[in-house]
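Engineer: Single-letter residue listing:
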Amino acid sequence: MADWSRGAPTPGRPPAVEIEGLARRFGMRWALRGVDLRVEPGEAVALLGRNGSGKTTLLRVVATLLRPTRGRVRVAGRDVVREAAAVREHVGMMGHAPGLYDDLTAAENLRFAVRMMGRVVEEQRIAEALAAVGLAAEAGERVRGFSAGMRRRLVLARLRLQRPDVLLLDEPYASFDAEGVELLNAFVRETVERGGAAVVATHDLARGEGVLGRALVLEAGRLVEEMTVARHSTPGREAVAP
Amino acid sequence: MNGRLRVEVGRVAAVAWKDLTAERRTRANANAVLFFSVLVLVLFGFALGPDADALRAAAPGVLWLTVLFSGVLAFNRSYQVELENGAFDVLLLYPGDRRAIFLGKVVANLVFVLAIEALVVPLAAVLYGLPLLAALPGLAAVVLLATFGLVTVGTFYGAMASRVRAREVLLPLLLFPIVIPLLVAAVEGTTAVLAGDPMGEAGAWIRLLVVFDLVFFIACVLAFEHVIEE
Chain A
1 MADWSRGAPT
11 PGRPPAVEIE
21 GLARRFGMRW
31 ALRGVDLRVE
41 PGEAVALLGR
51 NGSGKTTLLR
61 VVATLLRPTR
71 GRVRVAGRDV
81 VREAAAVREH
91 VGMMGHAPGL
101 YDDLTAAENL
111 RFAVRMMGRV
121 VEEQRIAEAL
131 AAVGLAAEAG
141 ERVRGFSAGM
151 RRRLVLARLR
161 LQRPDVLLLD
171 EPYASFDAEG
181 VELLNAFVRE
191 TVERGGAAVV
201 ATHDLARGEG
211 VLGRALVLEA
221 GRLVEEMTVA
231 RHSTPGREAV
241 AP
Chain B
1 MNGRLRVEVG
11 RVAAVAWKDL
21 TAERRTRANA
31 NAVLFFSVLV
41 LVLFGFALGP
51 DADALRAAAP
61 GVLWLTVLFS
71 GVLAFNRSYQ
81 VELENGAFDV
91 LLLYPGDRRA
101 IFLGKVVANL
111 VFVLAIEALV
121 VPLAAVLYGL
131 PLLAALPGLA
141 AVVLLATFGL
151 VTVGTFYGAM
161 ASRVRAREVL
171 LPLLLFPIVI
181 PLLVAAVEGT
191 TAVLAGDPMG
201 EAGAWIRLLV
211 VFDLVFFIAC
221 VLAFEHVIEE
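As you go down the protein sequences, you meet chains A and B in turn. Mapping of the first sequence onto my numbering: position 42 corresponds to residue 42, and the numbering continues sequentially without gaps. Mapping of the second sequence onto my numbering: position 64 corresponds to residue 64, and the numbering continues sequentially without gaps.
Excised from the complex, chain A in its bound form (with noise of 0.2 Å):
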């Protein structure tokens, strides 16, 4: 059987996920059925999948989230379930929701995240990430006001603050325009360029074309199949973008 669970490792550095046999259970249904995956510091890869097959769980896991019922996960090194608050240290998630306050201005939702990161509130920063996703000028405007693309940016933002090792990102370009799918790749980019990984669990492969590597397949709660993304030079099949 292919290894294709396997990313290239990096010397003296832990995988930045590491999974092993993970399966998790609600109720009687079984979410994930026994999920093998590495993802390398300075990878970015692709969750594909029907709805249901498992890719917001497995996510959920990684993310200290949910606990898993069976196996074992490990972020940077960190055991998701015994070390999670250190596992925390290094996770960022962009969900199926946003996580804002609608009666909290931009900023002041962005000065609630760094201060809830344990770190000092620098109005300069606050200032330059709104800046970076297009949303200088609504900066003190409460968030009820806002669309759903303009909300995403604010949690892309919120995520340029933390500056996390490892992205989560869940249906990341639902809702986004193409700037803010622009923004969003490079963002993907830049943490994957200075070592970090991204896991991206998405239905439109062909939005993260020439940010995403590997592409994998979850059927079932199960990894079926491995793919490059189309215009990456890894032999094998290619997801090629819709």
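In short, the hints are calculated from the structure, not lab data. Treat each hint with caution, since some may be false.
[As the list claims (entries may be wrong)] If you anchor each label on the Cβ, the simulated ranges turn out as follows: (1) A:51 <-> B:26: 33 to 43 Å; (2) A:85 <-> B:126: 43 to 53 Å; (3) A:194 <-> B:140: 48 to 58 Å; (4) A:12 <-> B:144: 35 to 45 Å; (5) B:140 <-> A:21: 57 to 67 Å; (6) A:203 <-> B:35: 45 to 55 Å; (7) A:124 <-> B:24: 20 to 30 Å; (8) A:171 <-> B:140: 48 to 58 Å; (9) B:80 <-> A:123: 25 to 35 Å; (10) A:147 <-> B:180: 42 to 52 Å; (11) B:140 <-> A:51: 24 to 34 Å; (12) B:50 <-> A:147: 32 to 42 Å; (13) B:215 <-> A:125: 42 to 52 Å.
[What the hints assert, rightly or not] Computed list of chain B residues with no C-beta within reach of chain A, every gap over 10 Å: (14) 34; (15) 52; (16) 69; (17) 77; (18) 96; (19) 115; (20) 174; (21) 204; (22) 214.
[Said to hold, decoys possible] Now the stretches of chain B that chain A is said to cover, found in silico as 3 or more residues with beta-carbon under 8 Å: (23) 15-29; (24) 78-87.
Even glycine gets a Cβ: it sits at the ideal position worked out from N, Cα and C.
Based on these hints, arrange chain B on the given structure of chain A.
Structural biologist: Relative to chain A, chain B alone:
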């Protein structure tokens, strides 16, 4: 204060600031809870009839039931805000001690419930003919201690119920049995201080409140991380 502790205190303050700022701007919860509290006080007044002695005798019980019912609304709302945009997951993802979330919410709920009480207690004094000013120091001690205990337990069970679909129903079912000792101590303590404490029993009820607060505060802080995991 060492660096780690300072960071965690900052996170507690951030959660409390965020909740209170959002509430101050919308007043959605405050208006509803205040209106509800006034309504309960007035309705109990009608139910008890015009007898001034009967009203005075029932007033401590009515007052604390009003605070309890109002508190349930506040505790539910406290987590509703987190669930609306998936913010709870983001809160849980921040590095650091998750107990800071609980403590921040306790601080915010404490300020909120005390602010409601600052309006409800004088109103109860007017409606039920209570000698508020004469009993103020003792009453303040009972109110502060009982409110702290109620908010601690309510915030804890609010977190537990927040993950469940029928959370509005579940929270009172979880909360009310647990706070029976607190309710008894608060009502008896209030009755004693309003009567001028002729039997010298107020101190015993206040001590019971202190013990309740300490036991449940420690237990809730230790158990919080376990109840918020999916």
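Engineer: If you check each hint against the structure, which ones fail?
Structural biologist: 4, 11, 12 and 18
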